[in-house]
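With the hints as constraints, model all of the structure from the sequences given.
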Amino acid sequence: MNAVKNNNISIIGVPLQYGADRKGVDLGPDAIRGANLHERLKALGFNIDDLGDLGVQRMMTVPQEGEKLKHLSEIKRVNEELCDRVAGEMGKGHFPLVLGGDHSIAIGTIKGVLQHVKRLGVIWFDAHTDVNTHETTHSGNIHGMSLAAVLGYGHPDLVGIGGAENKLNPENVVIIGARSIDPGERTFLKEKGIRVFTMHDIDKCGMKQVMEEAIEIVTNGTDGVHLSLDLDGMDPGVAPGVGTPVNGGMSYRESHFAMEMLFERDILVSAEFVEVNPMLDQHNMTAITAVELIGSVFGERIL
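So the mapping is simple: my numbering equals the position in the sequence shown, first residue as 1, plus 111.
One thing to keep in mind: the hints can contain errors.
Unchecked claim - List of simulated lysine-lysine pairs, BS3-like, C-alpha gap at most 27 Å: (1) K278 <-> K203; (2) K278 <-> K315; (3) K153 <-> K134; (4) K319 <-> K301; (5) K179 <-> K229; (6) K303 <-> K179; (7) K303 <-> K187; (8) K187 <-> K229; (9) K278 <-> K187; (10) K278 <-> K303; (11) K179 <-> K319; (12) K187 <-> K153; (13) K303 <-> K319; (14) K315 <-> K301; (15) K278 <-> K179; (16) K303 <-> K229; (17) K187 <-> K203; (18) K203 <-> K134; (19) K203 <-> K229; (20) K229 <-> K315; (21) K153 <-> K203.
Stated by the list, open to error - Here are the in silico distance ranges between beta carbons for each label pair: (22) I159 <-> D195: 34 to 42 Å; (23) G317 <-> G274: 35 to 43 Å; (24) H394 <-> L162: 40 to 48 Å.
Note that these hints are calculated values from the structure, not bench results.
Here the structure is a predicted model, which means the values were calculated and not measured.
Each residue gets a CB set at the ideal place from its N, CA and C atoms; glycine is no exception.
What follows is the structure, encoded as structure tokens:
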């Protein structure tokens, strides 16, 4: 599947904030669009079909005492709709570019891609690993459970989106940029054998070696690769407008270099950019950075 060279990109906005349980990230899709996303992609020769935003219930009740997973029913509903929308666009031969919203939307995106690409590799750029489950979570925030769900672990309502049988192989999943990992996640990652490149690895080996190893893992026996990029993977100095910033993240150039390598290898079949929070941003800096990274993913170069 020759996706990055596919000239047709379908943009899907998902203004969901309930997975993060923090206001503002629902404004992310419009902030990214407003940072000249369409113009940038059109300048690179792509045809853009912006499908607008999925509907999200704006008036949500406060989670009840003893309710383990916050806003589970609405997050499930939105992700089911996203799964269908992504699958539909891939069925047309389009490249789905999903704009978040919090990282819980990765469940719907990846489950939608899995309807067409059964052997899928995933590169997960994030300060966090998002492999908590309903059994290990302390916060109850579902954006910290999304990767576990698409691997087939967690609450049945999340795992079952798009069919419980459609799931990722942990051997083809790579996390890059991690530096905030919960105790239960450490155990999960070791048990499942998921390769995690922490910021220590990037500091020690450099982004080039990290990406070469990551690409080898996610392309080994797969039919395509999905990019799931949380802006908090970058250092807060270059991406301040995120809900859960963690100091010591990837630099601006490290992030761009990684995106440029993905374009050069022509392995992506889908992508999502999440957790842009304009309410916490400075002069739309994080949304602009997201668009610049998207430009690099689709072939934009300095010269």
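Now for the hints, and whether the structure bears them out:
{"no.": "1", "hint": "K278 <-> K203", "result": "holds (22 Å)"}
{"no.": "2", "hint": "K278 <-> K315", "result": "violated (32 Å)"}
{"no.": "3", "hint": "K153 <-> K134", "result": "violated (31 Å)"}
{"no.": "4", "hint": "K319 <-> K301", "result": "holds (24 Å)"}
{"no.": "5", "hint": "K179 <-> K229", "result": "violated (31 Å)"}
{"no.": "6", "hint": "K303 <-> K179", "result": "holds (24 Å)"}
{"no.": "7", "hint": "K303 <-> K187", "result": "holds (25 Å)"}
{"no.": "8", "hint": "K187 <-> K229", "result": "holds (22 Å)"}
{"no.": "9", "hint": "K278 <-> K187", "result": "holds (16 Å)"}
{"no.": "10", "hint": "K278 <-> K303", "result": "holds (14 Å)"}
{"no.": "11", "hint": "K179 <-> K319", "result": "violated (40 Å)"}
{"no.": "12", "hint": "K187 <-> K153", "result": "violated (33 Å)"}
{"no.": "13", "hint": "K303 <-> K319", "result": "holds (25 Å)"}
{"no.": "14", "hint": "K315 <-> K301", "result": "holds (21 Å)"}
{"no.": "15", "hint": "K278 <-> K179", "result": "holds (24 Å)"}
{"no.": "16", "hint": "K303 <-> K229", "result": "holds (19 Å)"}
{"no.": "17", "hint": "K187 <-> K203", "result": "holds (25 Å)"}
{"no.": "18", "hint": "K203 <-> K134", "result": "violated (34 Å)"}
{"no.": "19", "hint": "K203 <-> K229", "result": "holds (17 Å)"}
{"no.": "20", "hint": "K229 <-> K315", "result": "violated (34 Å)"}
{"no.": "21", "hint": "K153 <-> K203", "result": "holds (19 Å)"}
{"no.": "22", "hint": "I159 <-> D195: 34 to 42 Å", "result": "violated (21 Å)"}
{"no.": "23", "hint": "G317 <-> G274: 35 to 43 Å", "result": "holds (39 Å)"}
{"no.": "24", "hint": "H394 <-> L162: 40 to 48 Å", "result": "violated (28 Å)"}
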